Structures are given as structure tokens and as C-alpha cells.
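Model the full assembly from the supplied sequences, consistent with the hints where possible.
2 protein chains.
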Amino acid sequence: MAEASSREVTRIMVGVNESSIKGYPNPSISSKGAFEWTIQKIVRHNVNAFDLLFLHVQVPDEDGFDDMDSIYASPEDFKNLNQRNRISGTHLLEYFVNRCHEIGVRCQAWTKLGDPKEVICHEVKRLQPDFLVVGSRGLGPFQKVFVGTVSEFCVKHCECPVITIKRKANETPQDPVDD
Amino acid sequence: MAEASSREVTRIMVGVNESSIKGYPNPSISSKGAFEWTIQKIVRHNVNAFDLLFLHVQVPDEDGFDDMDSIYASPEDFKNLNQRNRISGTHLLEYFVNRCHEIGVRCQAWTKLGDPKEVICHEVKRLQPDFLVVGSRGLGPFQKVFVGTVSEFCVKHCECPVITIKRKANETPQDPVDD
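Heads up: the protein sequence lines correspond to chains A and B, in order.
First residue of the first sequence: 172, per this note's numbering; consecutive thereafter.
First residue of the second sequence: 172, per this note's numbering; consecutive thereafter.
Hint data in this document are derived by calculation from the structure and do not stem from the laboratory.
Predicted, not measured: the structure shown is a model, and the values here were computed from it.
Don't take every hint at face value.
[Unchecked claim] In silico BS3-like links for lysine-lysine, alpha-carbon gap of 30 Å or less:
{"hint": "1", "chain 1": "A", "residue 1": "K283", "chain 2": "A", "residue 2": "K327"}
{"hint": "2", "chain 1": "B", "residue 1": "K327", "chain 2": "B", "residue 2": "K283"}
{"hint": "3", "chain 1": "A", "residue 1": "K337", "chain 2": "B", "residue 2": "K193"}
{"hint": "4", "chain 1": "B", "residue 1": "K193", "chain 2": "B", "residue 2": "K337"}
{"hint": "5", "chain 1": "B", "residue 1": "K327", "chain 2": "A", "residue 2": "K296"}
{"hint": "6", "chain 1": "B", "residue 1": "K337", "chain 2": "A", "residue 2": "K203"}
{"hint": "7", "chain 1": "A", "residue 1": "K296", "chain 2": "B", "residue 2": "K250"}
{"hint": "8", "chain 1": "B", "residue 1": "K337", "chain 2": "A", "residue 2": "K327"}
{"hint": "9", "chain 1": "A", "residue 1": "K296", "chain 2": "A", "residue 2": "K283"}
{"hint": "10", "chain 1": "B", "residue 1": "K339", "chain 2": "A", "residue 2": "K296"}
{"hint": "11", "chain 1": "B", "residue 1": "K283", "chain 2": "B", "residue 2": "K339"}
{"hint": "12", "chain 1": "A", "residue 1": "K337", "chain 2": "B", "residue 2": "K283"}
{"hint": "13", "chain 1": "B", "residue 1": "K339", "chain 2": "B", "residue 2": "K327"}
{"hint": "14", "chain 1": "A", "residue 1": "K337", "chain 2": "A", "residue 2": "K327"}
{"hint": "15", "chain 1": "A", "residue 1": "K337", "chain 2": "A", "residue 2": "K283"}
{"hint": "16", "chain 1": "A", "residue 1": "K339", "chain 2": "A", "residue 2": "K327"}
{"hint": "17", "chain 1": "B", "residue 1": "K296", "chain 2": "A", "residue 2": "K327"}
{"hint": "18", "chain 1": "A", "residue 1": "K339", "chain 2": "A", "residue 2": "K250"}
{"hint": "19", "chain 1": "B", "residue 1": "K250", "chain 2": "A", "residue 2": "K337"}
{"hint": "20", "chain 1": "B", "residue 1": "K327", "chain 2": "A", "residue 2": "K327"}
{"hint": "21", "chain 1": "B", "residue 1": "K250", "chain 2": "B", "residue 2": "K203"}
{"hint": "22", "chain 1": "A", "residue 1": "K327", "chain 2": "A", "residue 2": "K203"}
{"hint": "23", "chain 1": "B", "residue 1": "K283", "chain 2": "A", "residue 2": "K283"}
{"hint": "24", "chain 1": "B", "residue 1": "K339", "chain 2": "A", "residue 2": "K339"}
{"hint": "25", "chain 1": "B", "residue 1": "K203", "chain 2": "A", "residue 2": "K327"}
{"hint": "26", "chain 1": "B", "residue 1": "K296", "chain 2": "A", "residue 2": "K337"}
{"hint": "27", "chain 1": "B", "residue 1": "K339", "chain 2": "B", "residue 2": "K203"}
{"hint": "28", "chain 1": "A", "residue 1": "K327", "chain 2": "B", "residue 2": "K250"}
{"hint": "29", "chain 1": "A", "residue 1": "K283", "chain 2": "A", "residue 2": "K193"}
{"hint": "30", "chain 1": "B", "residue 1": "K296", "chain 2": "A", "residue 2": "K339"}
{"hint": "31", "chain 1": "B", "residue 1": "K283", "chain 2": "A", "residue 2": "K327"}
{"hint": "32", "chain 1": "B", "residue 1": "K327", "chain 2": "A", "residue 2": "K339"}
{"hint": "33", "chain 1": "B", "residue 1": "K250", "chain 2": "B", "residue 2": "K193"}
Below you can see the structure in the form of C-alpha cells.
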């Protein structure tokens, strides 16, 4: 068992989104928290044993996004983005790819268009990570009625183990629906 | 961040129970699976970075259990158990402590009496592990009506991140409620 594990890395998918307060390219408080938790508690210094797969799902809108097929794996991959993509989802991924580069852990990052909860489960099915990490605002039942929660859907429906990292109480913005 | 993580270990609580088919001292298929997954995918060879905390909650019954306050951390701790405890929950813990000893990862294991889902959440509150791993039989909604699921309760109510490891399809016994 222990011997088998040395042959291949553990692939962790991390669902990330933009801040509802600061917009692109800033990550939401809960995605940043989920990522940092994964590094601090799981990867630790064992950077060669893990691959991080960052998925950002962008809800289609008029400021549409035209670079859906690229994969980003190092800070250099972001150098030639045009202005349109810089203000959109791709630039969000740069934050996480840069952090991985600093830490020395391998990663891939990409964006998909669609309904986040559906697309995350679809990408899990396609890529079969060992587990999925998602952040959560930790909303109460009343607040959830209005905003839905991607994390609860993923826990129920994704075809891999899912770990939900709740936002720290001291990082909750004035309006807890913000992130 | 990365530097901070080197100062302390990641504490993983693992909820374990006995096999409904083979009884004590055999672990259930899903607890064994959850443990092996944790070693293979999270701990890997980084054995000094993790502490495993095994909690077995025994539902009180007539074959009651009289050694509730001991903590077991090495194979030697099980040598002087009396016959009554050998056939009960304590002996189940020996399986996991022995495996940790073989692998070289630090662990503690203990048994509590009560309702598993309530006690697990209570112990999480008391010990504040970094996260909790629980196995699950992966039952469908119809089957769950009759048996309840500890893992779903823990995901909702425990005060730490929870990762549920579903039993592999090829390990499902003839009656999927068995484990």
C-alpha cells in the first residue's frame, strides 16, 4: 500500500472563483482559504507528491470569455493574455498558479463556462482527481435559500471524495453572502 | 504559510467501526477503505507530518464495554486486554494501531459509548482535528431511509472539514447494507 503510493502523485482538484467584492482578478475569500488550507494541511512540504488542478467555472454573460481551451501551468503562460482575458476568469487563475510556483508544487489551471456545480461534477468525471476541495462561505440555512451552495451539490453529486473548507469566521465580510 | 506548517503536524481524525459481517475485531469494509485511502492519498511517505486519531463509537448494549478511558498508541498497549475487551471495540482499534505502526505514522485510538454521529461531532469539538475522515457504504436514497448515515450527519454538523470515502463498488457485499 505505502509502496504503491510512491509511484504516482495525488491529484487534488480545487474549485476556485472570483471575489464578489473585488471582482477579477481577485480570488474569493473562500477559494483562497480552501487553497491555503490544502497547502498547509495536506501538501505541507511534500510538494512532489501532489498535483493541483484549479478549475474556475465562469457563468456565461455579456463580458464573455474567449479562451476556453488553454491550460495554464506556470506564471509565464499568463504573459501574453489580451486585455479582455486579463479582466476575466483567466487572470484569476494566475493568482493560484503563481502561488503554486512559489511553493514549488505542480499545477494546472483552466476555465470552463457554465453552471459551476454542474461543470465541477462534469470535470471530476472527466479527470478523475483523487479528491476535490471546495471553499464555502459557511452560510446559515436562511441565507442559503437565496444563493444556493455549490459545495453542498458537489458533496452530494461529484464522483470523488469532496472536502469543503468553510471560510473562517474572522474573514466573513459585512454581508456574509459576499466572498 | 509553508514555513508555519512545518512546525506542527496535521491531525486527522478517522471514524472507524466493526464489520457487520465478521463482527469484532474486524473493521468494516468502509472504515478499512477510508483508512487506506488516507494513507495512500494524503499521508503517503510523509509519515512524520501527520497524527491519526482513531475514534470508534460503540453503541451501548448488553455485551457492554468496560474500558472507556484508555488510549492506545502502540501494539504493546493491547497485550494485557482481558477476554471481554478482546471481543469488543478495543480489539478493533488494534487493527488500525498495528497498521500505523507498520507504516510508521503516529496514532492514538480510543472508544466511546453512544450514538456514533453525535459522539463523533462531540469528539471533533473536543479535540479539534484538522479534518475528519469517515467511510461510507455509498447507499442509495432508498436504502438510506432505513439505516441512516453517519457520514452525512458529520458532513453537516461536525465543526471541522469532513471527507467521506465511499466504499469501492467491487467491495460491496451481497447485501449493501452490510459492511
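Now for the hints, and whether the structure bears them out:
1. A:K283 <-> A:K327: holds (21 Å)
2. B:K327 <-> B:K283: holds (21 Å)
3. A:K337 <-> B:K193: violated (38 Å)
4. B:K193 <-> B:K337: Measuring from Cα to Cα gives roughly 20 Å; hence the hint holds.
5. B:K327 <-> A:K296: holds (24 Å)
6. B:K337 <-> A:K203: Holds, because 27 Å separates the two Cα atoms, which is no more than 30 Å.
7. A:K296 <-> B:K250: Distance ~46 Å between K296 of chain A and K250 of chain B Cα, so the pair is violated.
8. B:K337 <-> A:K327: OK: K337 of chain B and K327 of chain A at ~12 Å, within 30 Å.
9. A:K296 <-> A:K283: Distance of about 14 Å is within 30 Å: holds.
10. B:K339 <-> A:K296: OK: K339 of chain B and K296 of chain A at ~16 Å, within 30 Å.
11. B:K283 <-> B:K339: Holds, because 28 Å separates the two Cα atoms, which is no more than 30 Å.
12. A:K337 <-> B:K283: Roughly 27 Å separates the two Cα atoms, so the pair holds.
13. B:K339 <-> B:K327: With a Cα-Cα distance of about 23 Å, the restraint between K339 of chain B and K327 of chain B holds, given a limit of 30 Å.
14. A:K337 <-> A:K327: holds (17 Å)
15. A:K337 <-> A:K283: Holds, at about 24 Å.
16. A:K339 <-> A:K327: holds (23 Å)
17. B:K296 <-> A:K327: holds (24 Å)
18. A:K339 <-> A:K250: Violated, because 33 Å separates the two Cα atoms, which is more than 30 Å.
19. B:K250 <-> A:K337: violated (42 Å)
20. B:K327 <-> A:K327: Holds - the C-alpha atoms of K327 of chain A and K327 of chain B are around 12 Å apart, at most 30 Å.
21. B:K250 <-> B:K203: holds (22 Å)
22. A:K327 <-> A:K203: At roughly 23 Å apart (the allowed maximum being 30 Å), K203 of chain A and K327 of chain A satisfy the hint.
23. B:K283 <-> A:K283: violated (46 Å)
24. B:K339 <-> A:K339: It is violated: about 33 Å lies between the C-alpha atoms, which goes past 30 Å.
25. B:K203 <-> A:K327: With a Cα-Cα distance of about 22 Å, the restraint between K203 of chain B and K327 of chain A holds, given a limit of 30 Å.
26. B:K296 <-> A:K337: holds (15 Å)
27. B:K339 <-> B:K203: holds (11 Å)
28. A:K327 <-> B:K250: Outside the cut-off at roughly 42 Å; violated.
29. A:K283 <-> A:K193: holds (21 Å)
30. B:K296 <-> A:K339: holds (16 Å)
31. B:K283 <-> A:K327: holds (29 Å)
32. B:K327 <-> A:K339: holds (16 Å)
33. B:K250 <-> B:K193: Roughly 22 Å between the alpha carbons, so the hint for K250 of chain B and K193 of chain B holds.
Against the hints set out earlier in the document, violations occur for numbers 3, 7, 18, 19, 23, 24 and 28.
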